[in-house]
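Asks: Dock chain V against the given chain C, drawing on the hints supplied.
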Amino acid sequence: MVSTYHYLFLGAALFTVGVIGVLTRRNILVILMSIELMMNAVNINLIAFSNHLHHATGQIFAIFVITVAAAEAAVGLGIVIAMFKNKETMNINEIDIMKW
Amino acid sequence: MNFLDLIWIIPLFPAVGFAINGLFGKRMPKAAVAVIACTAVLLAFIFAVGAVVQLSHLEPEHRSHTVKVYEWINAGPAHTGEGNIANFTIDWAFLLDPLSSIMVLVVTGIGFLIHVYSAGYMHDEDGFYRFFAYLNLFMFSMLTLILGSNYVMMFIGWEGVGLCSYLLIGYYFLKKSAGDAAKKAFVVNRIGDWGLSIGIFLIFYNFGSLEFTKVGEVVREGAAAGLFNVGDAMFVTIALALFIGATGKSAQIPLFVWLPDAMEGPTPVSALIHAATMVTAGVYMVARSNWIFQLAPQAMGVVAVIGGLTALFAASIAIVQNDIKRVLAYSTVSQLGYMFLALGVGAFAAGVFHLMTHAFFKALLFLGSGSVIHAMHHEQDMRKMGALRKKIPITFATMAIGTLAIAGTPGLSGFFSKDEILWRAFSSPQGHILLWILGVAVAGTTAFYMFRMLFMTFYGESHVDHHTEHHIHESPKTMTIPLIVLAVGSVVAGWVGIPAWLGGSNIIERWLEPVFEPIPIAVAALGEHTEHFSHGVEAGIAAVSVAVALVGFYIAFSTYYKKSDRADRVSAQFKGLYTALSNKWYVDELYDGLFVNRAKDLGTGLWKFDGSVVDGVVNGAASTTVQSALGSSWWDRWIVDGLVRFVGGFLRTFSSFLRLIQTGYAQNYALVMVLGVLILIGYVLWGN
Numbered sequence: 001m002v003s004t005y006h007y008l009f010l011g012a013a014l015f016t017v018g019v020i021g022v023l024t025r026r027n028i029l030v031i032l033m034s035i036e037l038m039m040n041a042v043n044i045n046l047i048a049f050s051n052h053l054h055h056a057t058g059q060i061f062a063i064f065v066i067t068v069a070a071a072e073a074a075v076g077l078g079i080v081i082a083m084f085k086n087k088e089t090m091n092i093n094e095i096d097i098m099k100w
Numbered sequence: 001m002n003f004l005d006l007i008w009i010i011p012l013f014p015a016v017g018f019a020i021n022g023l024f025g026k027r028m029p030k031a032a033v034a035v036i037a038c039t040a041v042l043l044a045f046i047f048a049v050g051a052v053v054q055l056s057h058l059e060p061e062h063r064s065h066t067v068k069v070y071e072w073i074n075a076g077p078a079h080t081g082e083g084n085i086a087n088f089t090i091d092w093a094f095l096l097d098p099l100s101s102i103m104v105l106v107v108t109g110i111g112f113l114i115h116v117y118s119a120g121y122m123h124d125e126d127g128f129y130r131f132f133a134y135l136n137l138f139m140f141s142m143l144t145l146i147l148g149s150n151y152v153m154m155f156i157g158w159e160g161v162g163l164c165s166y167l168l169i170g171y172y173f174l175k176k177s178a179g180d181a182a183k184k185a186f187v188v189n190r191i192g193d194w195g196l197s198i199g200i201f202l203i204f205y206n207f208g209s210l211e212f213t214k215v216g217e218v219v220r221e222g223a224a225a226g227l228f229n230v231g232d233a234m235f236v237t238i239a240l241a242l243f244i245g246a247t248g249k250s251a252q253i254p255l256f257v258w259l260p261d262a263m264e265g266p267t268p269v270s271a272l273i274h275a276a277t278m279v280t281a282g283v284y285m286v287a288r289s290n291w292i293f294q295l296a297p298q299a300m301g302v303v304a305v306i307g308g309l310t311a312l313f314a315a316s317i318a319i320v321q322n323d324i325k326r327v328l329a330y331s332t333v334s335q336l337g338y339m340f341l342a343l344g345v346g347a348f349a350a351g352v353f354h355l356m357t358h359a360f361f362k363a364l365l366f367l368g369s370g371s372v373i374h375a376m377h378h379e380q381d382m383r384k385m386g387a388l389r390k391k392i393p394i395t396f397a398t399m400a401i402g403t404l405a406i407a408g409t410p411g412l413s414g415f416f417s418k419d420e421i422l423w424r425a426f427s428s429p430q431g432h433i434l435l436w437i438l439g440v441a442v443a444g445t446t447a448f449y450m451f452r453m454l455f456m457t458f459y460g461e462s463h464v465d466h467h468t469e470h471h472i473h474e475s476p477k478t479m480t481i482p483l484i485v486l487a488v489g490s491v492v493a494g495w496v497g498i499p500a501w502l503g504g505s506n507i508i509e510r511w512l513e514p515v516f517e518p519i520p521i522a523v524a525a526l527g528e529h530t531e532h533f534s535h536g537v538e539a540g541i542a543a544v545s546v547a548v549a550l551v552g553f554y555i556a557f558s559t560y561y562k563k564s565d566r567a568d569r570v571s572a573q574f575k576g577l578y579t580a581l582s583n584k585w586y587v588d589e590l591y592d593g594l595f596v597n598r599a600k601d602l603g604t605g606l607w608k609f610d611g612s613v614v615d616g617v618v619n620g621a622a623s624t625t626v627q628s629a630l631g632s633s634w635w636d637r638w639i640v641d642g643l644v645r646f647v648g649g650f651l652r653t654f655s656s657f658l659r660l661i662q663t664g665y666a667q668n669y670a671l672v673m674v675l676g677v678l679i680l681i682g683y684v685l686w687g688n
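Protein chains in written order, with the working numbering: chain C, 1 to 100; chain V, 1 to 688.
These are calculated hints, taken from the structure and not from any lab test.
Any given hint could turn out to be false.
[To be verified] Computed spacing ranges between beta-carbons, pair by pair:
hint, chain 1, residue 1, chain 2, residue 2, range
1, C, M33, V, N668, 17 to 25 Å
2, C, H52, V, I661, 37 to 45 Å
3, V, G687, C, M83, 35 to 43 Å
4, V, G687, C, T16, 21 to 29 Å
5, C, V68, V, I661, 28 to 36 Å
Note that this is a predicted model, so its numbers are computed, not measured.
Each residue gets a CB set at the ideal place from its N, CA and C atoms; glycine is no exception.
Chain C extracted, bound-state conformation (with noise of 0.2 Å):
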């Protein structure tokens, strides 16, 4: 059968192939989308405990980090805008001023 623990490990590695993608790729915009990957693994976490347990409280909080997983895209997004217009460029590892 499918249970809980199939569900957990699912988000597992969505969440490690998240990270890796957040650690390893050079575009920004891969990076931003990495984010997202780990956020949704966040949330089917998050369902199935709900389905676990029987409650809706999970369903509810998943709903919200969606709405906040929304929002942050779009902030992150205005901050590339605005790194982009300074630097022209979409390579993470030219922007480095705030090195020592």
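Replies: Positioned in the frame of chain C, the structure of chain V alone reads:
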């Protein structure tokens, strides 16, 4: 007008004169200054005459009038000797009795004549108003001295006349010698004042009062009641202390050295202050305190001996002096010695009598010498004078009378007063034949040097410088009239003291009797020494002194009247003595060596001490401060700042390593976050 009650005004007239001339004199014409000054003294004289006349109307026992102006000091109870308590009060009060009456008439009368003379003599001087202001201030002080009713008033006057003496001796202040002489007078006087002060303190301590009448009462009653004995240490101490004051003010041994130097002042000053009045203050003081001296025969002996020795000492120096004023200065010291000789043998009235006659003829002689100096265009050396008799006849005539008077010519004033002194030195129970011989020697010497002065100045060949010769003229009336008045006085003033053996009644001695009343126990103590001599012996003594004076006159006549080299021969023959006398017996040099230079050495020593020790301490403090500042600055720069720098350096080193964490790559930061999460998960899962 009750002049007796107005005696407090007498010193006030010259005080007002001093104020006006001192404050406004500079802008006033000379005539006005002179008139104000002379009028002030004249008014004082008139009031004095009025008061004395009214005093004489009183009964002899009541001839003592005190006028209290106000209670000046009331310091409350003070402990005196023997555990008694006395109230220390000093009144601003004046006393007129026979003694002060004589003094006040002499001071105001002769003072007035000298003021008039000065108007002529000082006419061409700068600072004319200053002279008269000081002269009036002197009159005020002197009158306070003699009219004061207690020792403190007397002391105030005493100090005041000392101040005026300083101011007037140093009148020509641009001359260093004048300034030095003024300082010398003041300092030497001050030494005497110390003695006087101690005497005054002891008087209050022992008798509980400083009023003359009260002290006299206490002493007489105590003596009568047997509380005091003749020769008590208390009386001897007080008498000697007072006498030290007298030696200072009246130029006796050892404090006479200021008087010859005081001739630096203008001649009227020498006449008034250093002949007729101020120097007699000592005599007055001793006479005033006669009750104390009467009970201290030892002290009286000291007074007589010092008086006699001073007389001879000064006369010996006078015989070789060539400056006309110096001769008179030493003569004054010598005559004052006579006065103290009189006081010392118990002849208080005779001493005061001589004071009076001396005031006349010494003032006359000084003013006359001033007239000579004026005619000689300020030449004072007698060796450059001579044959002035016909050129300045009035001056000559008056000075001749003065010379005759001081030499003791029978009939003139000096004869009566000097003879009285010599007689009492011989016959008084406190007298001694040696004192008489001393006095006779002085009389002979006096005659000699006075006639020497007269002959060198007015007779003989003229040694006058040609340039000056044309200027010689008689002095103006304002100068010659006082000379004439004083000459008359020098003749008649002695007639109040004609002794019994000449058929007189010795008015002055009887006038002064209430003041000098003998104290019974003192008279008793001398009882065994009292001899009674006849008039014949007295006449014989007088004859001896006249004879001695004639001898002196003859020696002077044969040496100086006609041209001869006898003076030079004698001085070469007795070269050692002559040198000693010319150098005034080296007394000034002795004092310089003993006191003056030692005082200067002390000053130098203290100056060096100040420079080395005191300044050394200050410099040491400064350098210590500088050193400690260097230390602090080192500490501040190396330790404190070093600490700060070390902290900075340490942080920089540490952070230079640590800042490498900030790579600027967001993904590095994300990696660290992930690692942190993994560590936390590990802790939660496997940590315990």
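Asks: Which earlier hints turn out false for this structure, listed by number in ascending order?
Replies: Of the numbered hints, all hold.
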